[in-house]
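Next come the chains, spelled out residue by residue.
There are 2 protein chains.
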Amino acid sequence: MTTSTSFETLFRPRSIAIVGASSNPLAIGGQPIRYLREKSFDGDVFPINPRHAEIGGLKSYPSLAALPSAPDLVVVAVAAAMVPDIILEAGRLGVRFAIVFSSGFAETGPEGEALQVKLESAAEEGGIRIVGPNCQGMMNIADGVRLGFGVPYGLDYEVGGTSLTSQSGAFGNSIVMGLNGEGVGLRHYVSTGNEADVSTLDLIDAYLDDDGTTSVGAYVEGLRDGVRLRQIALKALRLRKPLVVWKVGNTDSGARAAASHTANLAGHAGLYFSAFRQFGIIDVDDIADMADCLKAFAAPELPASNRVLMVTLSGGAGIAMTDRTARYDLATPPLGDGLFGDLRKILPAFASVSNPLDVTAEAISGGEAFGEAIRLAGQSGAFDMVAIGLAAIGGVAATRAVTAIADMARSTGLPVTVSWTPIDEAARKGVDLLRDAGIAVYPTPARCIRGLGALWRFAEARKRLVQMSAVSSPALTQGGSTDLTTLNEAESKAILRAAGIEVPSEKLVRSADDAVAAAGTIGYPVVLKIVSRNLPHKSDIGGVRIGLGDAAAVRAAYEDIVAIPARLDRSVEFEGVLVAPMLPGGVEVIVGGMCDPALGPAVMFGAGGIHAEAFGDVAFRLAPLTRGDALAMIAETKVADLLAGFRGAPPADVEALVDLLLKVSTMLIDQRNSVCEVDMNPVFVRVQGEGADIADAVVSVTSAGPDKGELQLLRPEPAREE
Amino acid sequence: MTTSTSFETLFRPRSIAIVGASSNPLAIGGQPIRYLREKSFDGDVFPINPRHAEIGGLKSYPSLAALPSAPDLVVVAVAAAMVPDIILEAGRLGVRFAIVFSSGFAETGPEGEALQVKLESAAEEGGIRIVGPNCQGMMNIADGVRLGFGVPYGLDYEVGGTSLTSQSGAFGNSIVMGLNGEGVGLRHYVSTGNEADVSTLDLIDAYLDDDGTTSVGAYVEGLRDGVRLRQIALKALRLRKPLVVWKVGNTDSGARAAASHTANLAGHAGLYFSAFRQFGIIDVDDIADMADCLKAFAAPELPASNRVLMVTLSGGAGIAMTDRTARYDLATPPLGDGLFGDLRKILPAFASVSNPLDVTAEAISGGEAFGEAIRLAGQSGAFDMVAIGLAAIGGVAATRAVTAIADMARSTGLPVTVSWTPIDEAARKGVDLLRDAGIAVYPTPARCIRGLGALWRFAEARKRLVQMSAVSSPALTQGGSTDLTTLNEAESKAILRAAGIEVPSEKLVRSADDAVAAAGTIGYPVVLKIVSRNLPHKSDIGGVRIGLGDAAAVRAAYEDIVAIPARLDRSVEFEGVLVAPMLPGGVEVIVGGMCDPALGPAVMFGAGGIHAEAFGDVAFRLAPLTRGDALAMIAETKVADLLAGFRGAPPADVEALVDLLLKVSTMLIDQRNSVCEVDMNPVFVRVQGEGADIADAVVSVTSAGPDKGELQLLRPEPAREE
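Read top to bottom, the protein sequences are chains A and B. Under our numbering, the first residue of the first sequence carries the number 1, and numbering increases by one thereafter. Under our numbering, the first residue of the second sequence carries the number 723, and numbering increases by one thereafter.
Where hints are given, some of them may not hold.
Beyond 10 Å from chain B on every Cβ pair, some chain A residues (computed) [what the hints assert, rightly or not]:
hint, residue
1, Lys39
2, Ser69
3, Ala70
4, Met82
5, Gly127
6, Ala142
7, Thr312
8, Gly367
9, Asp436
10, Ala490
11, Arg510
12, Thr521
Keeping only pairs whose Cα atoms sit at most 20 Å apart, straight-line, the calculated SDA-like set for lysine to any residue is [stated by the list, open to error]:
hint, chain 1, residue 1, chain 2, residue 2
13, A, Lys463, A, Pro651
14, B, Lys1385, B, Arg1349
15, A, Lys538, B, Lys1067
16, A, Lys538, B, Pro1372
17, B, Lys1067, A, Gly109
18, A, Lys638, B, Gly992
19, A, Lys39, B, Gly992
Hint data in this document are derived by calculation from the structure and do not stem from the laboratory. Fair warning: this is a prediction, and the values are worked out from it, not measured in the lab. Ideal Cβ positions, reconstructed from N, Cα and C, are used throughout, including at glycine.
All chains, full assembly: derive it from the sequences and hints.
Listed below in structure tokens is the structure:
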């Protein structure tokens, strides 16, 4: 596909041809002509339809070739079979973009898939970029570009800085209308359909390049390129244009039957949300939720940290806010003695002077106490964001409150959100004034906090940007091979050792004598373990014998183990017995790695033993990891409490664990063409300073696939703490 | 307090006196007079103010005593100090209810608390019931009773069957207005303030008795009476009047430092939400969420089970719905072969014939396919509820779709919810038609599912009602004693044994000789455990020695153990050594019980060892438990997977576990005046048919408190499966 074409031509075409134009303003080929006129599009519009001389008051042409000059953009609304030839022709004429409404392509089955391949070839040959097929169109709200079919293409919107993309046409319509209804100002919208060429990521990237776009919303069913997602996310952080993504399809993670715990635990959705958190993408799960997050970014500044002050006129609103803060990693520190004293002096006696700060309705209706209080609190330096619940005040009190809030926001630079149910003209004007000051207004206190949570998610990731800057590096293998070979424990550990990961010194033996000899070298007591690539859960069938204190015990254990395969009612490949040292134990964890077909290599950490799967206590990060990522993923799990020293136990060697996670990350990148899945389970993390022991490990490999070209890859620079 | 007064007098007073009436229509004492007139209240209104002869066109009286006859209800809006005397006077005159706006009572500190006690005595003496003090009032929407101050008391509302209560006055205002904005029809609203007398539970109970109330919403910061909550919840289930409760104050569960795991794990909020689930109370966490749930109950019938069919015009809406189903325990089974074949014949070729069923926009715009499809699917018997996403259709298609949906709902009796963004007059009419048919309309597909989830929560609990019917029984001790004594392991197990709970036969010894003798009786190998009420985590300090195979080992272990107290840098009461049999092991779980100060006795179950606390894998149910409750609470945890037989292991003895949970429940009720907290941790659940072993146990007791009277208590009847 061509990649040099600027999307500016898609967003602001100066001339548009509509192939399959209809004189029926309700028809798919008639709606764009009607909407372009209604919204006063000021470029050229060329209907193409050989059966009409004129459509909607415009001269109609029999074909693209008959046009006086090549248009910037072609809309295609004809039967699927005709589309590839039209695209080929358009490309030859020098058209830059086509939007293909026609359905009947890959979404319908094998025949349609073949037709879509033909379409893709036509686009490539013609050097033209395609949106769709099977899409509902696009809009540039400010410039009257309304190239779609369906209700929202004919409506009026508040113009703003949010550009949108949706992988569902019809549902995208609901999102566009819903966001508008929630007060989000819109700029561009594209329904991407089958994404034969232009993808959601292409569009997000183009939106980031668009000066008028200040934030991006996306409805996503699936993404194809994890490396690109990372690059775009970092670009969004750099440009301070938040990505607010609704990723759907999150319940069905079960179908995959992967060889490793890691891959089983990744599920599809879990990995997406880990990646979103890692790169500061704000994930949402409904239209109002998307609106709440987008609106918050009207704030002129991002928060420096996560400390939220809540100010309300009633205890209830404050409690409702407090309940929501933990969900978004927001802190609600106390006021501090100085501020407490100052506020106590200003506020009514029955005000609750704490955080949440219930100033009472009297403070707002009776004079300047409210304004003075938020000014003092805002300037105290104790908070990074402020959520204010105004309940249903109106009249003079509303005007006074709004002025005070806007002044405070301006003078302190703190992001502020307000919940308010405007009930009179003064209140409605007040809402507009707040919006003008970059203060988002929500219908409920909880949603105020949702907005601040979005700001913090983005700001927190931006603080880590210095550790995430991009350098040139080979591409990650995408696509996740399907023919994996699972190695036995001895082979798996050899792979780890080769990658610089320390594993206990063990010896693979095939006789009792050799076992005894190996035990002598390793030192008693020892452990004997059956080695077989068909027995991932070897301890369940008696294949692991621990605490063998002398030669006789080793010999007896060896004989027991070799007898196991015959006992089992399935075929087991016996590959020997591993003689290993007894490990001193420690906090039991699992460390893993895998390559997701969509998102690329990812590192996993979690509670060890059966608890990773039984309790789902795991965290993922896309590789390569920074040191900060490794610490963050450990902190995300509940086993972190055990590592920190549960019930008075000494703290475990988290440093060694971080080191191991970083080495796994490096191995996944460096050996991306061979190593597909890694499970180290259990790993025993000893007490601080004593390291961690990899007790067992399983590696799955594939035959080397070719590198898919050289791309810009994101690799961590040496960690610099801010 | 009197309990015989019917709340009908509060909701529909025929005569009202306003003490502290003001001629200023903005004053707290002026607003009710204004609103009563504006909303055409047709009873008598008597302003009481000695300084005016007339207020708002009404004759003003100098005192209550000066009135021609005693009013049904008095509103009090004067300084706090004057209130007790006014209440006393009102009571003497025969007034039935007072609503006290005045603040300056328990919410302000010790002086106010004393004043509130005085107020309570006055009410009791006068036989008058009080709403408040420190409340904002009440409304009966249909009858023009507007006795409050603040914006919402002056607005117009859609009249409906939802009655509301709020423990926050100002935030309650936001809830009232928010619900109205979301299309919830309202009936009564009461702001309960300090609840000196009339409580949230009193009001909910009264709403349940009120014929016109069809559902109840409550904003709750705390409740005082768990037994009453249960009774009311069961009454609500019986009357098919759902309770939709927003319980706030859920983040700060940390302050409690209880002796037991169970109490630590209960937190405050966790126990509330367990109780809500147990008794079919629908918990919500924002105003729109409350509206979504209340609206759904317009459905004429409740679902028979949890199988949801999703019908949409686009794939996206279906995915958004599917993502939400798991959160509310909803199932989305496939269509089945017969229905699949039938639908395939009717629907366009590019429709996605599965669940979610994407009929495509063509099926709705092009004719009767949509109607035919939902009729077939509805009648198939494969589904209990239907969620339909209509996106933004309008015009003729909207009218046709609405007719088909209403017909299907009527003919099948299935609850149906619809998401729709109405964009024209036909659509707006369609929304009204759906509402008339008892079909709730939501702005987004996800919220459709939220509504169905609420229906199922309520319907599921109703199915269990037969197991929950009330019989007469002694009250549970409320209030949770604060002076607990923690018993040592031997004493704790004696308490359990006395309650009919089987514990391993063990012997407490105080010499090595006795230990050896006991071991001989019990049979080798044995376990020795230090006994001390100061050492709850005895294995951490070497106080548990396992696998002792002979007398010498027992003797040595005994000597080691007795030396422990001297080694520790704190005072430890050494009370002997327990000689116990080696247990064969099994799935490690924790079973516990506690008495919550608000909710009463509760049983806990969770993952054993340190995992209960580290992973928070626990479930609670209020006692007494039914067999179904016990099974449900096990199923709620992740350790259920281990019990079912993880990775091919044989299933564990869940029956024995259920039996144990029921015995703990009985013990908590029967010994409610002595046993306060119980931890059995770990309990080893052996394989099916072999029972469960309580390895360790800690019981905390209090000196016997008096029974607080005899009440109607809910006790399970012998389980009858439906």
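Is the Cβ of Gly127 of chain A more than 10 Å away from each Cβ in chain B?
holds (30 Å)
Quick one, are Lys39 of chain A and Gly992 of chain B close enough, alpha carbons at most 20 Å?
violated (54 Å)
Holds or violated: Lys463 of chain A with Pro651 of chain A, Cα cutoff 20 Å?
Roughly 28 Å separates the two Cα atoms, so the pair is violated.
Taking 20 Å as the top limit, are the C-alpha atoms of Lys1067 of chain B and Gly109 of chain A close enough?
holds (17 Å)
Take a quick look at whether Lys538 of chain A and Pro1372 of chain B sit within 20 Å of each other, Cα to Cα.
holds (16 Å)
A cut-off of 10 Å on Cβ-Cβ distance, and Ala490 of chain A was said to be off the interface with chain B. Does that hold?
holds (23 Å)
Does the no-contact call for Ala142 of chain A survive, Cβ to all of chain B over 10 Å?
About 22 Å separates Ala142 of chain A from the closest Cβ of chain B, which puts it past 10 Å; holds.
Confirm or reject the statement that Gly367 of chain A sits farther than 10 Å, beta carbon to beta carbon, from all of chain B.
Gly367 of chain A is indeed farther than 10 Å from all Cβ atoms of chain B, at 15 Å.
Run the distance test for Lys1385 of chain B versus Arg1349 of chain B: straight-line Cα separation, threshold 20 Å.
Given pair Lys1385 of chain B, Arg1349 of chain B holds - Cα atoms ~11 Å apart, limit 20 Å.
Ser69 of chain A remote from chain B - nearest C-beta pair above 10 Å:
holds (35 Å)
Minimum Cβ separation between Asp436 of chain A and chain B greater than 10 Å?
holds (24 Å)
Lys538 of chain A paired with Lys1067 of chain B [C-alpha distance capped at 20 Å]:
violated (52 Å)
The structure shown violates the earlier hints numbered 7, 13, 15 and 19.
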